[in-house]
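Line order of the protein sequences matches chains A and B.
Counting from 1, position 395 in the first sequence corresponds to residue 394 in numbering that gives the first Met the number 0; the numbering is continuous, with no gaps.
Counting from 1, position 49 in the second sequence corresponds to residue 48 in numbering that gives the first Met the number 0; the numbering is continuous, with no gaps.
Keep in mind that the hints were calculated from the coordinates and are not lab data.
Honestly, I wouldn't trust all of these hints.
[What the hints assert, rightly or not] Keeping only pairs whose Cα atoms sit at most 27 Å apart, straight-line, the calculated DSS-like set for lysine-lysine is:
1) B/Lys71 <-> B/Lys1
2) B/Lys1 <-> A/Lys34
3) A/Lys307 <-> B/Lys14
4) B/Lys16 <-> A/Lys257
5) B/Lys39 <-> A/Lys34
6) B/Lys16 <-> A/Lys186
7) A/Lys34 <-> B/Lys14
8) A/Lys186 <-> B/Lys17
9) B/Lys33 <-> B/Lys14
10) A/Lys307 <-> B/Lys17
11) A/Lys34 <-> B/Lys33
12) B/Lys4 <-> B/Lys16
13) B/Lys17 <-> A/Lys257
14) A/Lys34 <-> B/Lys4
15) A/Lys34 <-> B/Lys17
16) A/Lys307 <-> A/Lys34
17) B/Lys14 <-> A/Lys186
18) B/Lys84 <-> B/Lys17
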Amino acid sequence: MVIDSGATAWVLASTALVMIMTPGVGLFYGGLVRKKNVINMFALSFLAFALVSIQWVIFGYSLAFGQDVGGFIGNLSNAGLSLIGMGPAVVAGTEYPIPGLLYVMFQLVFATVALAIVTSGLAERAKLSGFILLALLWTTLVYDPLAHWVWGGGWSAALGSIDFAGGTVVHISSGFAALAIALVIGKRAGFGEHSIEPGNIPMVLLGAALLWFGWFGFNSGSAIAANGLASSALLVTNTAAASGALVWMVVSWMHGGKPSSLGIVSGAIAGLVAITPAAGYVTPISSIIIGGVAGALCYTIMLFRIRKGLDESLDAWAVHGMGGLWGAIATGIFAYSAVGGKDGLIHGNVQQFIANCAGAFAAVIYAFVVTLILALIIHKTIGLRVSEDEEYVGLDLSQHGERV
Amino acid sequence: MKLIKAIIKPERFEKVKKSLEDNNIFGMTVTEVKGRGDQKGITLQYRGGTMVVDLIPKIEIDIVVTDSESDKVVNLICEAARTGKIGDGRIFVLPVERSIKVRTGEELI
Numbered sequence: 000m001v002i003d004s005g006a007t008a009w010v011l012a013s014t015a016l017v018m019i020m021t022p023g024v025g026l027f028y029g030g031l032v033r034k035k036n037v038i039n040m041f042a043l044s045f046l047a048f049a050l051v052s053i054q055w056v057i058f059g060y061s062l063a064f065g066q067d068v069g070g071f072i073g074n075l076s077n078a079g080l081s082l083i084g085m086g087p088a089v090v091a092g093t094e095y096p097i098p099g100l101l102y103v104m105f106q107l108v109f110a111t112v113a114l115a116i117v118t119s120g121l122a123e124r125a126k127l128s129g130f131i132l133l134a135l136l137w138t139t140l141v142y143d144p145l146a147h148w149v150w151g152g153g154w155s156a157a158l159g160s161i162d163f164a165g166g167t168v169v170h171i172s173s174g175f176a177a178l179a180i181a182l183v184i185g186k187r188a189g190f191g192e193h194s195i196e197p198g199n200i201p202m203v204l205l206g207a208a209l210l211w212f213g214w215f216g217f218n219s220g221s222a223i224a225a226n227g228l229a230s231s232a233l234l235v236t237n238t239a240a241a242s243g244a245l246v247w248m249v250v251s252w253m254h255g256g257k258p259s260s261l262g263i264v265s266g267a268i269a270g271l272v273a274i275t276p277a278a279g280y281v282t283p284i285s286s287i288i289i290g291g292v293a294g295a296l297c298y299t300i301m302l303f304r305i306r307k308g309l310d311e312s313l314d315a316w317a318v319h320g321m322g323g324l325w326g327a328i329a330t331g332i333f334a335y336s337a338v339g340g341k342d343g344l345i346h347g348n349v350q351q352f353i354a355n356c357a358g359a360f361a362a363v364i365y366a367f368v369v370t371l372i373l374a375l376i377i378h379k380t381i382g383l384r385v386s387e388d389e390e391y392v393g394l395d396l397s398q399h400g401e402r403v
Numbered sequence: 000m001k002l003i004k005a006i007i008k009p010e011r012f013e014k015v016k017k018s019l020e021d022n023n024i025f026g027m028t029v030t031e032v033k034g035r036g037d038q039k040g041i042t043l044q045y046r047g048g049t050m051v052v053d054l055i056p057k058i059e060i061d062i063v064v065t066d067s068e069s070d071k072v073v074n075l076i077c078e079a080a081r082t083g084k085i086g087d088g089r090i091f092v093l094p095v096e097r098s099i100k101v102r103t104g105e106e107l108i
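Here chain A stands alone, though its shape is the one from the complex (with noise of 0.2 Å):
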C-alpha cells in the first residue's frame, strides 16, 4: 500500500482550513457578547482548542479510534498515538490511504471546533476553572464515544447510519450540549429585565467569515479524497449555505425585522450545519433545499427559545442543535445513490430515513443527558459559574485582568 499524495495534500490542507474555525467560533461568540465578556469568549475558544489538542494525543483519538468495545467506544490500544504511524492507512468508508497522523490530526480539529461550540450555553458566566474540567470529560465522555459510534466502528455505523463529516458528532453533540449546560447554571444576570445586545457585529460577521471557509475542508476534507466526490461535497456545501442565509434573512424579513447582517450569517451557519452529514451524499439541489430548511427552521426555534425565557445565550441549541438534528434527518431523506453510493427516502430507501433518524436521536438524548449530569455534578462541587460580582463587572477583568 503507498500513500496517496492526491488524496494526502487535500486532507493536509482541510485540517488547516477545519483549524480556522475554532477561532473562529471565538470571534463569532466574541462578538455575540457584551464588551466586558469578549476577550473571555474568544479566549474559551482558544482554551478548546489547546485542552483538546492534548487530550486526543493522549487517549481521545483512541477513544474515539481505537479497537471497537460493545459499539459504545474505543479502547486504549492508541492510547498516546501507539500504533499510528506516518505509514499509509485507510480510513473505514473511504478508498485512497493517507499517513495514519494525518487522519489523527485532521480529527483532532473537528473535535476542537464541537468543545468551542458548546461555549455558547456558559456565554459571559463561565468560571474558568469549572470550564476546563467539564471541558476534558465533556470531550472524553461525549464527544469521544459519539465520534465512536459514528466513524470508529460503532453501532451507529453498524446500524447503517451515515454522517458524512459530522453533523451528528459535531453538531447535534455539542448544540444539546449546550443547552444542558445552560439549563444547569441559569440565566445571565438580568436575561429578560433589560436588553443585552452583541458588542461587535463586525467581529460576528469575520468569526462567520472564517467559518465558511473553515467549512469547506469540514465538509470536503473528509471524503478523504482528491475527487469528484470532494468536488461535490465541497460544492453542495457552499449552497446550502448560501440558501440558509438568504432564507433566514427573508423569513426574519417578513417577520416584521429588518434583514439583520446576523441574521444572515446565522442562516449560512445553519446551512453549513445542515449540510454536514449531507455533503457527500446529495445533490447540489437537494442541498439547496437543505439549507433553506435550516434557515427557516433554526430561526423559529431562536425564537422560541427567546420566548421561552431559556438563557441558551448564544444559540447553539438552536443553529448546530436543531440544525444538526435536522440535517441528519434530511440526508436520509435526500441521499442519492448516484452520488455517495446510498439512498434516501425520496429514492425509496425507507431504511435509510429510520436509520439516520435512530442515530440523530440517539447522539440527542446521549450528548443531553450524559452533559446535564456532568454539568450538575461540576456545578454543585466547584462551581461553573461565577459571583455576581465577577460577572457584573464582566469576565475579561475578573477572570483575565483583562479589557478590550
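Add chain B to chain A, keeping to what the hints say.
Just chain B now, kept in the frame of chain A:
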C-alpha cells in the same frame, strides 16, 4: 432652567429613557462614562487575595428642563434607575445661566 446630570447603571438606561419619553421629556445628551462612588468600586475576593475594579462603567444623561419640571424629572430618573443595590448612581441638579438654540439663535427660557 436646570441642568439635570444623572449618572446611572448602563443596564437601566433603556428603562430611564422610556420613562422620560412617556412623560414627554425627549431632549437629552448621553455619554458613556466610568466612575466610582462611596463604595470605591467593586472588590473581588480570591483565594490568593483581592482585586479591586475601581472604575465602573456608567451612563451619564444630561437634560435641561424648566425649574418647574426639575423635581418631576429627578423623580422619574430615580424610580427607573433604582435597583436597590449599591452603585445605582447619583443625580446632580445645576442652575443653567443661558440656553440658546443654534439653528435660530433663539434664547430659550
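Checklist line | Numbers of the earlier hints that this structure fails to satisfy, in rising order | finding: 2
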